[in-house]
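**Q** From just these sequences and the hints, can you work out the full model?
Number of protein chains: 2
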Amino acid sequence: MISVAILGNGNVATHLHNAFLKAKNIAVSKINSRELENIPNSDVTIIAVSDDAIETVSKSILDRKGLIVHTSGAVDINIITHKRKGVFYPLQSFSKDTPVNFNTVPFCLETKHKEDYSLIESLAKSIGEKTYTINSEQRKKLHVAAVFVNNFSNHMYKIGNDICEKNKVPFEILYPLIEETAKKAQSISPEKAQTGPAKRNDIQTIKNHLENLNLQQQEIYQLLTTSIQKSIE
Amino acid sequence: MISVAILGNGNVATHLHNAFLKAKNIAVSKINSRELENIPNSDVTIIAVSDDAIETVSKSILDRKGLIVHTSGAVDINIITHKRKGVFYPLQSFSKDTPVNFNTVPFCLETKHKEDYSLIESLAKSIGEKTYTINSEQRKKLHVAAVFVNNFSNHMYKIGNDICEKNKVPFEILYPLIEETAKKAQSISPEKAQTGPAKRNDIQTIKNHLENLNLQQQEIYQLLTTSIQKSIE
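In the order they appear, the protein sequences are chains A and B. Residue numbering for the first sequence follows this note's numbering, beginning at 39 and increasing consecutively. Residue numbering for the second sequence follows this note's numbering, beginning at 39 and increasing consecutively.
Hints are not guaranteed to be accurate.
No copy labels: a pair is met if it fits in one copy or bridges any two.
[As the list claims (entries may be wrong)] The calculated lysine to aspartate or glutamate pairs, modelled on EDC-like cross-linking and capped at a C-alpha distance of 20 Å, are:
| # | residue 1 | residue 2 |
| --- | --- | --- |
| 1 | Lys230 | Glu217 |
| 2 | Lys168 | Glu229 |
| 3 | Lys237 | Asp135 |
| 4 | Lys221 | Glu210 |
| 5 | Lys178 | Asp101 |
| 6 | Lys68 | Glu93 |
| 7 | Lys103 | Glu73 |
None of these hints come from the bench; they were simulated from the model.
**A** Structure representation (structure tokens):
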């Protein structure tokens with residue numbers, strides 16, 4: 039049996055709490071990070087708060103025993119003041135109302151002391167399947183990469199949606215293409231999956247496309263076209 | 039029974055030919071577009087060649103009867119010289135070696151004469167399920183939107199992959215995030231699905247991220263961050 043205390047009230051805290059409640063051999067409690075008195079003892083304390091609040095929360099529970107971990111992709115392990123510290127970073131985009139299947143979520147794990155690793159690994163395996171040993175430097179890079187594949191590709195969908203709405207074309211026509219693009223990046227790599235006017239250097243089509251865009255969209259179109267062309271040189 | 043002649047040798051010609059061979063009540067033949075003599079008569083002739091070759095092929099079969107259509111997302115219907123003309127545009131990214139399930143492919147259809155519409159609609163329904171009536175102006179916009187959701191989001195994956203490779207982190211850690219991002223754009227719209235430091239205007243994280251990127255990546259990061267912030271103003 040592993041006992042876990044989750045500090046926080048956000049999406050990550052809530053989804054982890056729900057998952058641990060259903061897990062075998064896990065005793066979990068969830069504590070509002072603004073009411074940090076009389077927290078029950080636990081093998082692992084998970085600080086699941088916003089990035090800039092992690093340090094404050096860590097300092098406010100200085101005399102706490104056990105392993106103390108945070109859940110952030112962007113913050114160094116050493117922000118935690120305790121000696122026994124780690125990172126328990128589930129790499130997925132969490133929304134309040136969308137249920138999470140942790141079996142498909144990669145857990146990026148790190149501990150300051152080797153002896154603590156198997157503890158958070160067991161914790162991750164109690165609700166998920168995939169664990170990766172990722173140190174703080176690698177995690178920071180992974181977090182930047184995640185911004186590109188998630189926030190920025192989503193913004194590409196947003197622009198596609200804007201163009202469709204403006205021209206009274208249903209955006210749903212593009213759903214199968216979105217799916218296929220996401221699948222091919224995994225099955226044959228993004229490099230091999232690249233197609234389109236930028237890759238072909240189809241100057242006439244690029245020119246026609248630019249004429250159909252607003253200034254902001256044009257700027258993005260041109261920069262990404264240049265970047266695609268540089269990447270295949 | 040509908041008889042179809044496909045002119046062309048590329049991916050679209052090949053995948054359509056294979057699909058029509060398996061369809062009920064379709065008699066299909068495929069002709070190399072450089073050998074346009076003695077093509078059997080057909081109800082529909084599909085010019086499935088590269089965008090800049092459509093006009094030439096159309097002019098070289100001037101005395102051909104029946105409905106003449108092309109398969110391009112970017113080219114106007116009127117590039118076809120014949121009176122009975124149309125567009126039969128399957129909106130998907132076709133690769134040579136990846137089999138196509140046309141049941142999930144949206145067919146964007148247009149005919150010059152109303153009376154011809156049911157003919158290409160039947161043709162599309164013989165191999166697929168989803169058909170949309172899209173005129174040439176709308177199709178051009180849709181084609182630009184497709185560049186954003188396909189070519190450009192794939193380039194975001196490529197940059198994510200580059201960052202991972204450079205830092206010896208397996209890119210596969212990001213697969214579930216790529217999947218989830220593609221799904222959420224469909225289930226809750228890209229606008230509502232947007233998260234991340236740009237949306238939160240998390241200046242410190244943005245600064246940290248920029249320090250981890252090369253010049254080209256920085257330029258893209260900054261432009262897209264600005265664009266995301268403008269889009270939620």
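**Q** None of the hints should be skipped; say for each whether it holds.
**A** Evaluation of the provided hints:
1. In this assembly of identical chains, the alpha carbons of Lys230 and Glu217 lie at most 20 Å apart whether taken from the same copy (16 Å) or from different copies (18 Å).
2. Proximity of Lys168 and Glu229 under a CA criterion of 20 Å is satisfied in neither setting, with 25 Å inside one chain copy and 30 Å between copies.
3. Proximity of Lys237 and Asp135 under a CA criterion of 20 Å is satisfied inter-copy only: 19 Å between copies versus 39 Å inside one chain copy.
4. For a Cα distance limit of 20 Å, the shortest separation of Lys221 from Glu210 qualifies both inside one copy, at 18 Å, and across copies, at 12 Å.
5. Taking the shortest alpha-carbon separations for Lys178 and Asp101, neither the intra-copy value of 28 Å nor the inter-copy value of 64 Å comes in at or below 20 Å.
6. Taking CA atoms no more than 20 Å apart as the test, Lys68 paired with Glu93 passes inside one copy only; the shortest distance there is 19 Å, against 67 Å between copies.
7. In the homo-oligomer, the alpha carbons of Lys103 and Glu73 lie at most 20 Å apart inside one protomer (18 Å), although the nearest pairing across protomers, at 80 Å, exceeds that limit.
The structure fails hints 2, 5 (numbered hints given earlier, in ascending order).
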